[in-house]
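Here is how the chains run, residue by residue.
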Amino acid sequence: MITPALVLSAVLFVIGTLGVLVRRNAIIMFLCIELQLNAVNLAFVAFSRLHGIEGQIFVFFVMTVAAAEAAVGLAIIISIFRHYETVNVDNFKLLRW
Amino acid sequence: MHASLAAVLVQGGQATAEAAGHFEPFYPGLIILLPLIGFLLNGVLALRHGVASATAVRGGGELDLDTGGRPATHTLPSLIGPGVMLLAFLLTVVNFTRMLGAHIEEPVVISYWTWMATGTFTVDAAIQLDQLSMIMMMVVTGVGFLIHVFSVGYMKADSGYPRYFAYLNLFVFFMLTLVMGSSYALMFVGWEGVGLCSYLLIGFWFSDKEKADAGKKAFIVNRIGDVGFLVAMFLLYVTFGTVDFVAVFHDAETLAYGGSLVTAIALFFFLGAAGKSAQIPLYVWLPDAMAGPTPVSALIHAATMVTAGVNLVARSSVLFALAPVAGATVAGVGVLTALFAATIALKQNDIKKVLAYSTVSQLGYMFVGVGVGAYSAGVFHLMTHAFFKALLFLGAGAVIHSMHEAYHSTHSHEDAQDMRNMGGLKAHMPITWVTMWIATFAIAGIWPFAGFFSKDEIIWQTAAFGGATHAPYPMLYTVYWVIALAAAMLTAFYMTRMMVMTFHGTNRTGEEESKHLHEAPVVMWAPLAVLATLSVVGGWINVPESIRESFLGLGPLTSEWLHHWLEPITAQATHIQAANLGELSHSAPVGGGEFMWALISTVLAIAVVATTFRMVGQKEIVPAAQDVELTGFAKVLYNKWYVDEFYDRVIVEPILRTSRFFWKVIDAGIIDGVVNGVGWTARGVGFVISMFQTGSVNTYAFILTVGVLVILGVSIF
Amino acid sequence: MVDILFYVFAAVAIGGALGVVMAKSPVGSLLFMVTTLASVAGTYVLLEAHFLAAIQIIVYAGAIMVLFLFVIMLLNLGHDYHRDLKGGAYAVVSFAIVGAMAGMLQRQLRGSGITDAVASGGRAIDAAIAEHGAIGAIAEPLYTTYVVAFEITGILLLVAIVGALVLAKRNVA
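Chains as they are written, first to last, in my numbering: chain Y, -1 to 95; chain F, 8 to 724; chain L, 1273 to 1445.
Since the hints were made in silico from the structure, they are not lab data.
Please read all numbers here as calculations on a predicted model, not as lab measurements.
The C-beta atom is built at its ideal place from N, Cα and C for all residues, glycine as well.
Each hint should be verified, as a subset may be incorrect.
Stated by the list, open to error - Residues of chain F clear of chain Y, computed beta-carbon distances all greater than 12 Å:
#1 V58
#2 V130
#3 T249
#4 L343
#5 W444
#6 T513
#7 R621
#8 G624
#9 L663
#10 S697
#11 M698
#12 G702
#13 L711
#14 T712
Claimed, not checked - Only pairs whose alpha carbons sit at most 20 Å apart, straight line, appear in this in silico EDC-like list of lysine to aspartate or glutamate:
#15 L:K1358 x Y:D88
#16 F:K642 x F:E627
#17 F:K354 x F:D165
#18 L:K1296 x Y:D88
#19 F:K216 x F:E199
#20 L:K1441 x Y:E83
#21 F:K433 x F:E519
#22 L:K1296 x L:D1356
#23 F:K433 x F:D357
#24 F:K354 x F:E627
#25 F:K163 x F:E526
#26 F:K223 x F:E199
#27 F:K218 x F:E260
#28 Y:K91 x L:E1423
#29 L:K1441 x Y:E67
What the hints assert, rightly or not - Computed footprint of chain L on chain Y; a stretch qualifies when at least three of its residues, placed anywhere within it, have a C-beta under 8 Å from a C-beta of chain L:
#30 6 to 19
#31 24 to 33
#32 56 to 64
#33 72 to 86
Starting from the given sequences, assemble the full structure and let the hints guide the process.
In structure tokens, the structure reads:
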């Protein structure tokens, strides 16, 4: 079941990447990043069947970081929304030449 | 460094035990240090004077040195400058007398600290006391002291008085480093240092562009020679791994006699010597160097610095003895310079220019001496020349001083240095007149004055060398001998011409002006008197045996003292020469012995002086303002064979053109173009790449993904 | 039986993931995400990571997703039902890039020589679960070997809380 799990992980990661690339809604992009994180977590768990408990421990930390990231990220989105009244990233173009 | 300086003062350094023999050096480091201290003190005074005069100018006026007593900045140097020189001279005398009684065979090397150590190569800050450096030290400090004293009178009215003495002391410091250093590296330090001081002092009145340019010219021409010195030094290092005199000369005989390496080293050293000692083709700076104050001309450009090249060749006698081609080159260049400069001196009207070309000519003689292996004769002429040429320059200085004040009194703009404006000065300045005639007899080689012995020995040695059993180019040396004799006659002619034009006949200065002509003050004529005495008796320290036994000599009272004194220095070279050339000749190419030719040349010299005296005395000389332009060959001589113009055309202008090409085309065009091109390219590429910086997070994520893919691809494939 | 369950979970997870990317409304995306998370939690169970499966449900699908939902509702984003997919060349290139990525991953996976056989690491986990229980198996290394990282994670969370508060606080100006 390890190989199929890794394949699933890869598929989820690719879909997540696609989502980050093509969606304009900041929150959805954020969700897709979470999806990528989950795909990686799945790979870790699959690998823990080969290499031991460390894989699961790493997943634990990734989840914590994801939680922290979600908290901060969403706070940023909220303050951006207050400013622009939108979460469409095409409107945030200050960081350009 | 600090501790070492203390060691210099307290212990007099650490002498190497086995070399010391009976000779106990007496604070030799202090001899070098004293002029440096003088430089620092005078330098501080010069800076203070600079501040004071700047303050005065800012206040709307000008610093007045005459009313209300001279400030300390202009009184103290009169004590400091000559004072340190006197102390240094006395110390040198003490060391000299100690060495006289010691009969040391090996040089005494006193090392103070390690100057540099890189890998296997070390150079110590060490001084070498031996017979040659001792003679040079005596000349430098002795004549130097006299010229410092003279300067007190000569430069008194100059506002740059403290600066002048600072430079002069610094010069002596470097000159002593040059002659006392124990390695070529240290010698080079002194070599460059005296060059710097020469530059500073030639351009002493730097607000006059011509004089500043003369300083530059001296500096640049000397650089050409310095390249030779450096290359020779590098070659020595590559060959022997050291540049210490003792070590190099010890190993030198492992080189093949006449080999290309030793010839190259000797020739490169000679290039350096030719630059410093104003030999063809690098002599052009010395006549221009007369732009400096006259005592400077006496000290640097006659008595000491310009003889550094002779000192170098004499010091490297072993190398030159091993390279007969180099020896022939040295002697050839020397004899040509002697003749060439003498011809130019025939037609010069500037009193200092005559003396300058005379100096070049006499330096040529010294190189003939060291070139034919007569190192002691070369050094001997160096010493006597220091006496009488310093005397001539100081005498000329006294004349110019007097002339200058005469013209100053009427605000005339006539040239105070032009001999056509002089004449009849003997009535106004008798002491100067007498002493300068003594120097003229000495330089003309008339018995019993100093120049007779030194010059005749050089000429004789040329003949003797050419006639040696296995002499390399006997015919060549015969030609040298003839030219040297001819140049000696020219010397007698132009010097007498100068004396007559300056001191005899009727005065051409002008009615009003001539009332202000006066004898120099005692502080100026006292050095003249001392030098005149030396010019009379200086030659008797080295009387060849054949002359001593004849009616020209004093028999057992005199000896070839200098020759024997320098024997430890020249023994190795003499030995090499004897082994390869066989015995020197005892008769001239056309017959006759040493005594006979000495007699002939002195009789000829007297005859030339007498004839010239009548000839020039009868000719009517008109003041410079009314003089007509010369024609024909005289004009060529007056214009110094057009050598400066030739150099301008052949060397300076092509260099300027090439430089301009490199500037305009290579630098401004290609190099700047490339640099700017790189800049423009970077900006262009940056502009294109900045297009990717859309500000859109998606694009960034996209580029990031591509980057990840690339890295992934590289790690996979 | 286990295999069938896995493929069911996998199918639901992939479907949910596609839904996240394709759904018109943010809330729809979110719900698809919850589905995916739950399915992945199922595969965790099948891979003997029971504790992780539990916190995946509790923390991820529960807390974090609810946080997202709150934000969506707070910003009142539930109504804009137009697709905000980027189109045109950009989308094509994106698909190409993603396809290349998939290809690379597939190639790498095939070349890795990983089989389905459980290795010594997995057997150690099984033994630990048998001895300490599902939580004990992960708790023991977490509080011994990785205790420093664990504590630092606590600090990280604290910083995140402070940061989120500061950022989201309405400026009283």
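Against the structure, the hints come out as follows:
no.	hint	result
1	V58	holds, 56 Å
2	V130	holds, 59 Å
3	T249	holds, 64 Å
4	L343	holds, 74 Å
5	W444	holds, 90 Å
6	T513	holds, 91 Å
7	R621	holds, 96 Å
8	G624	holds, 93 Å
9	L663	holds, 49 Å
10	S697	violated, 4 Å
11	M698	violated, 8 Å
12	G702	violated, 3 Å
13	L711	violated, 9 Å
14	T712	violated, 6 Å
15	L:K1358 x Y:D88	holds, 10 Å
16	F:K642 x F:E627	holds, 18 Å
17	F:K354 x F:D165	violated, 31 Å
18	L:K1296 x Y:D88	holds, 17 Å
19	F:K216 x F:E199	violated, 24 Å
20	L:K1441 x Y:E83	holds, 16 Å
21	F:K433 x F:E519	holds, 18 Å
22	L:K1296 x L:D1356	holds, 8 Å
23	F:K433 x F:D357	holds, 18 Å
24	F:K354 x F:E627	holds, 15 Å
25	F:K163 x F:E526	holds, 16 Å
26	F:K223 x F:E199	holds, 14 Å
27	F:K218 x F:E260	violated, 46 Å
28	Y:K91 x L:E1423	violated, 38 Å
29	L:K1441 x Y:E67	holds, 17 Å
30	6 to 19	holds (count 12)
31	24 to 33	holds (count 7)
32	56 to 64	holds (count 7)
33	72 to 86	holds (count 10)
Of the hints listed earlier, those the structure fails to meet are numbers 10, 11, 12, 13, 14, 17, 19, 27 and 28, in rising order.
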